[in-house]
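Visitor: If you want the building blocks of each chain, they are given just below.
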Amino acid sequence: MMRARMPTEAVLLVAAIAVPLTLFWDFSWESTIGVDAFFGPPHAANYAAVALAAAAALRIVALATQSGVGGVALGRVRAPLGAWIVLWGGLAFVTALLFDRWWQASYGLAAGIWHPPQIAKALAYFAVVAGAWLTLLAHQDTPSRARRAALAGGALLAMISVVTTAQSFANRQHSELFYLLACASYPLVLTAQSAAGRMRAPATLAALGYLAFVGSMVWLLPRFAATPQAGPVYNALDHLLPPPFPLLLVVPALALDGLLHGIPSRAGSTGGWASALECGCAFFALFAVTQWLFSAFLLSPVADDWFFAGGGRHWPFFLRIDPTARTAYWGFMSPDLGLVSGAVAVLVAIVAARAGLWLGALREVRA
Amino acid sequence: MRSALLLACACLCAVSSASAHVGSPNVFFEGRAGVHPLRVVIRPPQTFPGLAQADIRVSDGDVTAVAVQPAFLDAGAEAAPPPSAATRVAGDPQLWNATFWLLRRGSYGVEIRLESARGGGRVAVPLQAAALARPVMPPALGVTLVALGIVLCAFAVGLVAAAARDSGRGRRAGALMALVCGAAVYGGNYRWQQMDRDFANALSKPLPVTSVVRGDAAQNVLQLSPAHDAPASAAWDTLVTDHGKLMHLFLVREPDFDAFAHLHPVRRDPASFEGMLPPLPGGTYQLYAEVTHEDGSSETLVSRVNLPPPVGAALQAAATPGSSVLCLSPTTAAANGAAPTALDYDDSWHTGLSVPGARAPLMGGGHMELRTTDALVADRDTTLRFAAFGADGAPLALEPYMGMEGHLALRRSDGAVFTHLHPAGSISMAAAEMLAKRDGTVSPMPLARGPAPGEVAFPYAFPQPGQYRMWVQVRSGGRVLTGVFDVDVRARS
Chain R
1 MMRARMPTEA VLLVAAIAVP LTLFWDFSWE STIGVDAFFG PPHAANYAAV
51 ALAAAAALRI VALATQSGVG GVALGRVRAP LGAWIVLWGG LAFVTALLFD
101 RWWQASYGLA AGIWHPPQIA KALAYFAVVA GAWLTLLAHQ DTPSRARRAA
151 LAGGALLAMI SVVTTAQSFA NRQHSELFYL LACASYPLVL TAQSAAGRMR
201 APATLAALGY LAFVGSMVWL LPRFAATPQA GPVYNALDHL LPPPFPLLLV
251 VPALALDGLL HGIPSRAGST GGWASALECG CAFFALFAVT QWLFSAFLLS
301 PVADDWFFAG GGRHWPFFLR IDPTARTAYW GFMSPDLGLV SGAVAVLVAI
351 VAARAGLWLG ALREVRA
Chain D
1 MRSALLLACA CLCAVSSASA HVGSPNVFFE GRAGVHPLRV VIRPPQTFPG
51 LAQADIRVSD GDVTAVAVQP AFLDAGAEAA PPPSAATRVA GDPQLWNATF
101 WLLRRGSYGV EIRLESARGG GRVAVPLQAA ALARPVMPPA LGVTLVALGI
151 VLCAFAVGLV AAAARDSGRG RRAGALMALV CGAAVYGGNY RWQQMDRDFA
201 NALSKPLPVT SVVRGDAAQN VLQLSPAHDA PASAAWDTLV TDHGKLMHLF
251 LVREPDFDAF AHLHPVRRDP ASFEGMLPPL PGGTYQLYAE VTHEDGSSET
301 LVSRVNLPPP VGAALQAAAT PGSSVLCLSP TTAAANGAAP TALDYDDSWH
351 TGLSVPGARA PLMGGGHMEL RTTDALVADR DTTLRFAAFG ADGAPLALEP
401 YMGMEGHLAL RRSDGAVFTH LHPAGSISMA AAEMLAKRDG TVSPMPLARG
451 PAPGEVAFPY AFPQPGQYRM WVQVRSGGRV LTGVFDVDVR ARS
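Protein sequence lines, in the order shown, are assigned to chains R and D.
In terms of the working numbering, the first sequence opens at residue 1 and continues consecutively.
In terms of the working numbering, the second sequence opens at residue 1 and continues consecutively.
Excised from the complex, chain D in its bound form:
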């Protein structure tokens, strides 16, 4: 009777939920807890109650204990269960592992606590836990259950018929029992289908939005609004800024993904965002928009949009993907403008076909290198390292781009995975700062400087094997530069 009684008492609402990343549920964080640099990977369960896994890599040798404590955001830190002690992983003294239970899906703040002679440290990592996929029963189990079901029905029918045989009503009683068994199987199947539909409706999935392009002789404006069938959680009146923006919008042109834009529309009202479009080549674009709510939950909004060619022959020519690479961004500050009359200072876009290999050309004659030499394997923790060079071959001096040394957007070729990373990992910085403020922990800022001049690194583990395209963005000389890489991620053997 597992959990029947337990949850018969609880009111668990089946609400639809959305994740900040498409097809990439694990959380990656690189930063500090107190004085100790650490790197955290949290793998949330797919069913609830379920067991989550946390790998914590701490390079400082004086750390003597690590503990993990998940707090349901809606309930606060005072309702958190006791912390789970992490244990060192055999053979790797820097790596600690902890498991902890999550009772229900939703937004959590997972506090990592370190103990050391230098006072230890605490840091809260935001985690969104949600089911992602509809389950499928293994055929062997299905066959076994059907066989057992047939035996059970035959047993019941035979028993009832035998018990009523002496009264001369054995056949009739047996037939009645067969009807009861049939009704039970039909009713059970009906309930299963019904529950499966409800489960599927509540899966975490990107929220659809409606996107419309309004254009005139001077400019094109993109307008976003919740789709008509979007759940109530899609309301945009509770958003908080992440990297100083309410929305991070990514556009990638189909079918070759030869044009990419990272834009920041402004909210016009609780049901719409608007943003001026840069001179991107015309065509159909996949649209991904990331927002974070006041409760710490983040969402990815998705849509497809047809963009007209930019106005003016010069812009059209400039926007046409060819052998040259265009990495563009405004160079005058117009951040968070009240009206979509100008591009945001942090908007950036890129056109140009990708070049095979680990070296991507940058506008102006420079280039970017993928410096991760390890083979990329699905579900294996890795650090994606990139280095940017100027036309003279010298490492570029990188400037903060929305508070970060770099941003990385990656997409699996079939669209099953889309995520936005930065050197602090995959977490929403807005959610992390909110947690830090509430719990009195230190805001999980990334490490102060990159591994080497011109270098930027992102912690990640590809969730699935396949072909991925990565857009790596850094700022140098006031201009945002985008390097494009294609990588092949192998399945874990």
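Next up, chain R with everything else stripped away, as it sits in the complex:
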């Protein structure tokens, strides 16, 4: 049964990666062209990604039910917890899409951006990607399956970066909100990945996967010509806008792997606040130093190239931004990280790491 499931798991991984990537494409499309229909190319690709994930999850449910062992049973139907979560996400996505279509036609965006169907859609996306990740984490009996699980973790990291894009521009990477959001989310995935991964550096591979996924959009999207079709056009564009360069999560991920996986005596020590304390502090320290310095590089003219897409040159067409603000840090929406907010961010990272360790130790995940 395990062997029969492998191609399906590969499909599930592809779908999980495609979900955040199609959302980045959508971000780029709307930031460049500004006009998107319900079945516009990025939307259609996004729907296809969710449908593919749901279809793969259904297949896994069918195989698990056929085998009659393992997983979580709902009545006579049996499946890994992750596959159930993917299916729940698929149904939630259909519901949110119906709601969102009416909402967009009725309120547009005038009522606000994070409206109920938008939140419901975000929840559905997370369910699909996280469900795929949990499904793959639960089956790491071969090196290739362990790598797939790590790459699914990369997809989940990319999904987090999608919803936090607005707070993650290089111009905001000195703000306390950026660090609070990052510490509340990324350590959870990275520590769970590191704790549950059955390979040498699972969190590092997940972070590298994230870097490659988001980086590919930075490098690929600007290859396509596009111009704004709605006004006002404050920034003239002739190609699809690249998303912000990905975060260098690989630096703290290496440390987490070192703490949880690299030292033999600590391997498997996935519980306890002591580990969470170490992981949370390590994550914050390395992440803060890395991004603090790296964002300065991204805002400098040196980063104004196709690889980093920095230098304060790439902005959505509708954003009216002062020339001096393009390469400056923005302190107007959230103050810079200080001692108090830094301490809070460390605490948040510790709690997130503890949650990640708990998740990584779950029977359904370690099975």
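No lab work stands behind these hints, which were simulated from the structure alone.
The model shown is predicted, which means the values in this text are computed figures rather than measured ones.
Possibly wrong hints are sitting among the right ones.
Taking beta-carbon pairs under 7 Å as the criterion, some of the chain D residues facing chain R (in silico) [to be verified]:
| no. | residue |
| --- | --- |
| 1 | Ala79 |
| 2 | Leu141 |
| 3 | Leu145 |
| 4 | Leu148 |
| 5 | Leu152 |
| 6 | Trp192 |
| 7 | Tyr345 |
No residue lacks a Cβ here, since even glycine has one placed at the ideal position from N, Cα and C.
Mind docking chain D on chain R? Use the hints.
Guide: Only chain D this time, still in chain R's reference frame:
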């Protein structure tokens, strides 16, 4: 994740907005682009980003291409998106149709470009785009979403309970998940209600004003000032003249609308207008006032006001609506006086009950005819044609009335629609002239002459079915004459 990321980066302020017309969002324009006469109807979207529709009727056969380019007024023409090419409508070679996106609500200048062997032409049409109504979810969709929501909650609770069953904590975990689902539904609903309230507060609607009548033995003066709860945009220090006036004020007497006045108060300071009242019959009046701001946005101000009877028995008798019709206006020039001591030369008022049919009596024995023979259907583009005749039955020689051959005010019986038209359409001429000056296009003046002697025509499409009253005003012999018509507009089948 439609537009979440896109607009997470933008700062879109939810400001209250007002329209120049009540319940009539579409824009009508008749004029010229270069040498080519054209007629334009723009239907703005009700949500943003949204798709606007433009119908452009060009009678000249040598026009080879038509394009439409909307420019957000606040950003200028240089920030306009590429023009959208219009296509000929099948079966009607004179009619072109274009669609274009509007990213946000606000004031736009929509440039219409024609290409032809004679050099083509350009004209900029002002457009105000705004949401007008609170949405209501169709019951079938509501039921479907509730059913799906119940399934999702049951699925989540069952899954969590099943996953925790082996540890003996299935029930507790299931109950906890049920609480989470309940909290999510409650939180989602709370946020929806909150956003709906904000949306409703920002809808385009007429701005309330406070109206007070001050009277003494000689005259009554109407004073207008922003209502206490009016938004900041109601400030009157940025107004520009439209047809030479800062404000066009319309008064209609309730309940029969048997008295009508078109007045032009003067601004006393940034927070008040004053105007002398003509001898109108006493009673409660609906008040509509139109103003245009420097940024090209127009507003309709609304109020209700109780007018006392005019001073003096003779005036009282003259002002009493009866079988005779009074169409009055000052005949001596006192335009834009600094103090409200005299009526404006272009002020006009009318008393008299409406007469059923397509023929309205005018003061002095003349009459006005409604010459539109097509059935009036909601949302169907039409031309409202009128012809004025003297007592001898000959067409009247019409003179410009505030630069136009005529003015038409119309009101739906329930007050849901009130608009002010002229032969150039529904646009604010002040906004149009401002756009023309800024963009270097030709000011969209109406066609030089009416269709025939004594005739005046207005492009329009009634936005809703129902009973409408129309007051048509023309000037002849120095005096403003008002014809009153009642029409029934059918729903579109």
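Visitor: Indicate, hint by hint, whether the structure satisfies it.
Guide: For each hint, the structure was consulted:
1. Ala79: Holds: closest Cβ of chain R sits about 4 Å from Ala79 (chain D), inside 7 Å.
2. Leu141: holds, 6 Å
3. Leu145: With Cβ-Cβ at 6 Å, under 7 Å, it holds.
4. Leu148: For Leu148 (chain D), the interface hint holds, since the closest Cβ of chain R sits about 4 Å away, which is under 7 Å.
5. Leu152: With a minimum Cβ separation of about 6 Å from chain R (threshold 7 Å), the hint on Leu152 (chain D) holds.
6. Trp192: With a minimum Cβ separation of about 5 Å from chain R (threshold 7 Å), the hint on Trp192 (chain D) holds.
7. Tyr345: With a closest approach of 41 Å, the Tyr345 (chain D) hint is violated.
When held up to the earlier numbered hints, the structure conflicts with hint 7 and nothing else.
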